[in-house]
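> Spelled out, the chains give:
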Amino acid sequence: MITNRRTPVFLHLFFLVLCTLMLLPLLSVFTISVSDDVEIIKAGGYSLLPRGEWKWDAYNLIFKNPYQILQAYQVTLLVTVIGTAGSVLLVSGLAYTLSRRDYRRRKAVSFYLFFTMLFSGGLVPFYILVARVLDWRDSYFALIVPALINVWNVFVLRTNFQRIPGELIESAKMDGASEFRILFQIILPVATPAMATIALFTAFGYWNDWWLGLLFINKPDMNPLQLLLKNMLSNIEVVLARMNDMPQSLRAANLVPTEAIRMAMCLIAAGPMLLAFPFFQKYFVKGLTVGAVKG
Amino acid sequence: MRKSVLTAVVLSLALVGNAFAQTVTMHFPFSNQRDSEKVFAAASQYVKSKIGIDVQFVPYDGFDNYNQKMILQTTAGDVMDLLWTSHWNFVYTDQIAKNSFLPLDDLLPKYMPTYYKYVPKAVWDILRYSDGKIYTVPFMEYPVRQNGMWFKKDLAEKYKLDVKAVEKDFRALEPWLAAVKKGEPQITPLAVGANTSVSWAFESFAPYVQVFANSVVLKSNPKKVVNVWDQPYNVEFMKTMNKWYKAGYVRDDAFTVKDIAPEVKALKYAAGATVISPDAEAKFKAENGFDVVIARFGKPMVARDSVAGSQFAVSRTSKNPVNAVKVLELLDSDKVFYNLLSYGIEGTHFKKTGANTLAKIADSGYDPNMTWVFGNTHLAYLQPGVSDKTVSEAQTALKNAELKLYADFVFDQSPIKTVEAAWGTIYTEIGESLGIGIFDPAKDLPGILEKQKKIELNKEIAEVQKQLDAYLAKKK
Chain A
1 MITNRRTPVF LHLFFLVLCT LMLLPLLSVF TISVSDDVEI IKAGGYSLLP
51 RGEWKWDAYN LIFKNPYQIL QAYQVTLLVT VIGTAGSVLL VSGLAYTLSR
101 RDYRRRKAVS FYLFFTMLFS GGLVPFYILV ARVLDWRDSY FALIVPALIN
151 VWNVFVLRTN FQRIPGELIE SAKMDGASEF RILFQIILPV ATPAMATIAL
201 FTAFGYWNDW WLGLLFINKP DMNPLQLLLK NMLSNIEVVL ARMNDMPQSL
251 RAANLVPTEA IRMAMCLIAA GPMLLAFPFF QKYFVKGLTV GAVKG
Chain B
1 MRKSVLTAVV LSLALVGNAF AQTVTMHFPF SNQRDSEKVF AAASQYVKSK
51 IGIDVQFVPY DGFDNYNQKM ILQTTAGDVM DLLWTSHWNF VYTDQIAKNS
101 FLPLDDLLPK YMPTYYKYVP KAVWDILRYS DGKIYTVPFM EYPVRQNGMW
151 FKKDLAEKYK LDVKAVEKDF RALEPWLAAV KKGEPQITPL AVGANTSVSW
201 AFESFAPYVQ VFANSVVLKS NPKKVVNVWD QPYNVEFMKT MNKWYKAGYV
251 RDDAFTVKDI APEVKALKYA AGATVISPDA EAKFKAENGF DVVIARFGKP
301 MVARDSVAGS QFAVSRTSKN PVNAVKVLEL LDSDKVFYNL LSYGIEGTHF
351 KKTGANTLAK IADSGYDPNM TWVFGNTHLA YLQPGVSDKT VSEAQTALKN
401 AELKLYADFV FDQSPIKTVE AAWGTIYTEI GESLGIGIFD PAKDLPGILE
451 KQKKIELNKE IAEVQKQLDA YLAKKK
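Protein sequence lines correspond, in order, to chains A and B.
Position 82 of the first sequence, counted from 1, bears residue number 82 in my numbering, the numbering being contiguous throughout.
Position 235 of the second sequence, counted from 1, bears residue number 235 in my numbering, the numbering being contiguous throughout.
Quick caveat, the hints were computed from the structure, so don't treat them as lab data.
Among the hints, erroneous ones may be present.
Incomplete in silico selection of chain A near chain B, CB under 7 Å [as the list claims (entries may be wrong)]:
1. P8
2. F10
3. H12
4. K42
5. I128
6. S234
Below, in silico cross-link-like pairs of lysine-lysine (DSSO-like), each with a Cα-Cα straight-line distance of 30 Å or less [to be verified]:
7. A:K219 / B:K335
8. B:K389 / B:K352
9. B:K121 / B:K268
10. B:K399 / B:K475
11. B:K117 / B:K319
12. B:K133 / B:K335
13. B:K98 / B:K352
14. B:K121 / B:K389
15. A:K219 / B:K98
16. A:K55 / B:K268
17. B:K351 / A:K64
18. A:K64 / B:K38
19. A:K219 / B:K351
20. B:K117 / B:K454
21. B:K268 / B:K239
22. B:K285 / B:K219
23. B:K258 / A:K230
24. A:K42 / B:K475
25. B:K239 / A:K64
26. A:K64 / B:K133
27. B:K181 / B:K239
28. A:K219 / B:K360
29. A:K42 / B:K265
30. B:K133 / A:K42
31. B:K417 / B:K219
32. A:K42 / B:K258
33. A:K219 / B:K48
Don't be surprised by glycine CBs; every beta carbon is placed ideally from N, CA and C.
With the hints as constraints, model all of the structure from the sequences given.
See below:
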């Protein structure tokens, strides 16, 4: 019991240090975004806090012509909101069905889901299906539908739902509730922490996704935010690595944006998720134990 | 009633489908612009009025994006017509090996008469694939390549750099490097970073005809293929680089420097490697802001690198290759069309300041700065500051330049894929340290040669020899 008072001090210290370690890179990113490349080098290297005057040139440059970023924001927001809502709905419905022991094809469906977790058709067939058979190129469907069902989330939720006493469902049934009503008014409210966790993960997934965009989006107006960022960074890599092979006029064209612009883009793209996180936190703590040992 | 609606729908669908089959789609890497759609619409209209073909422009934002998407789309067999390709991004030889492109030998003289004649025969020959066919239409810019080095002018004068001697033998550089190192503690003599070495600039000093992967043909015996790694010249070369590294002529943390350009601008270096272009001194100054002396190594050569950097090919899945080639002909010979794509709409995005010169309008919404993507840069209106002799200089350079021996020989790696893949993993480990000079041949080379034996790299050398023999036999 004596240690009881000391433990929090240690714990707090530990987590303070951990927090600092996680925040420092962000601070550094911000610092670079308000500094001048050549100045950094002249001063002998990066510093944690901006040296001298803050320069908002990078932000000015980005926001002077913000069309692309705003458009990308719109796409990503729409995809994240619709995708998360749809995904949570489908995943919870599926998980609930699988959690019911009186569902006859439970095993078959579980196996079907599990199988897709381990084996997939491969990239090219996937591409042909979405791009050519369904013809979803440059459409929101391509960004949302392929990620709607996450089997892992289904299984996590199923385990969580199974923890809910069967009597609850039975009594609801006796009171004349339909299956949908049971799910939405009895099961989901009881499982809020789990739902919030799943929703957060799904939202993160949609927000950070550039892969689907890379495969199926080519219209400039439809680029998700992360794809915009990824394109910029990977483009810099290619340009730098193959500098001597490129046509001469390209080398002179200064295609590599300054470090400050890159870092400013990073902050602009990451910002909203950093803000969204605390809102979920309340549920998140409880949700972490989701699917753990049954209580 | 219902039936007629259905018929109408089917009919219009058929019409749309038909129109679509006639459209030529043109895929290329780009840097997205606010007014892209406006410009491309105007360009389509222009092509339609000129040759009656519908063109659909499909730009891809960024090079890596283009590469990844195109590899997937060619693999999946998407219907496409004109595809941009090069030797450094969406690599054309790989795609030819994958059978993604159509051979153009018959189409070019017939449907691309102007540009086919404009591009010298030597260039077409260089681009021929190992089966002897032409698959790609090259761009024209400055079609010869010469490597060299830049030296900060004040330091070159202060420490008495003998440029002539360096041009004869790069090792004459050493005393100057030592002097700079001693006299200027703030400055690193050589600009070397993770992606930027200087060693590639010295390739013209090597006694090689050509290097293919790890195989090399020596000038002294141009019919025999040997391993490049244990050649005395190569070992000596690696020793020199290692010596320079150990002497501190290169930053000892060079491999952490991913982008060296800002450091060069911040005057951190005294010298570096560069590719020579006409008026290289002026260009360098405009880019980096300080005066330089340039050393030119070897002779300007017509090489694959200097013409394969931007090309167009016709996709194997194209429904109408003839129209595709016709569009290319217009692009590479029609000033209006070419400049429309390069600079946008006249009056909105640029102003003409003379018969052949222009001034861009600032923040106009279209300034991709990628004239070379669209092919024949000799058609471009000149921007302020660009010499009006650029085109004629390029043409003279091409006339006087030498064709590398075996310039049109292509080594087909497909028979020894596994060897090359195994070698690839080994090379990734040492590539950077070789460029920077950390690689110590006395200590590290035996291990590499041992590994080469293990993965049977001699198979590669035998394969190159076999293909070279076949090439030589065909030449006679």
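> Quickly compare the C-alpha distance for K389 of chain B and K352 of chain B to 30 Å and report which way the hint goes.
Within the cut-off at roughly 18 Å; holds.
> K219 of chain A and K98 of chain B were given as a pair; does the straight-line alpha-carbon distance stay at or below 30 Å?
Between K219 of chain A and K98 of chain B the Cα gap is close to 27 Å, so the pair holds against 30 Å.
> Given the proposed pairing of K64 of chain A with K133 of chain B, does the C-alpha separation stay at or below 30 Å?
With a Cα-Cα distance of about 49 Å, the restraint between K64 of chain A and K133 of chain B is violated, given a limit of 30 Å.
> Does I128 of chain A hold up as a contact with chain B if the rule is Cβ-Cβ below 7 Å?
holds, 5 Å
> Does the structure keep K117 of chain B and K454 of chain B at a Cα separation of 30 Å or less?
Cα-Cα ~49 Å, so violated.
> Can the restraint linking K258 of chain B and K230 of chain A be considered satisfied, given a maximum Cα separation of 30 Å?
Holds: K258 of chain B and K230 of chain A sit about 17 Å apart, inside 30 Å.
> Mind checking the alpha carbons of K285 of chain B and K219 of chain B for me, to see if they're no more than 30 Å apart?
Given that 30 Å is the threshold and the Cα spacing comes to 37 Å, the pair is violated.
> CA of K219 of chain A to CA of K48 of chain B, is that 30 Å or under?
The hint holds at about 23 Å.
> Against the 30 Å threshold, does the CA-CA distance of K219 of chain A and K360 of chain B hold or violate the hint?
holds, 26 Å
> Take the C-alpha atoms of K42 of chain A and K475 of chain B, compute the straight-line distance between them, and say whether it is at most 30 Å.
violated, 57 Å
> Holds or violated: is there a CB of chain B closer than 7 Å to the CB of K42 of chain A?
holds, 5 Å
> Below or equal to 30 Å on CA atoms is what counts here, so check K55 of chain A against K268 of chain B.
With a Cα-Cα distance of about 23 Å, the restraint between K55 of chain A and K268 of chain B holds, given a limit of 30 Å.
When held up to the earlier numbered hints, the structure conflicts with 1, 2, 3, 9, 13, 20, 22, 24, 25, 26, 30 and fits the remainder.
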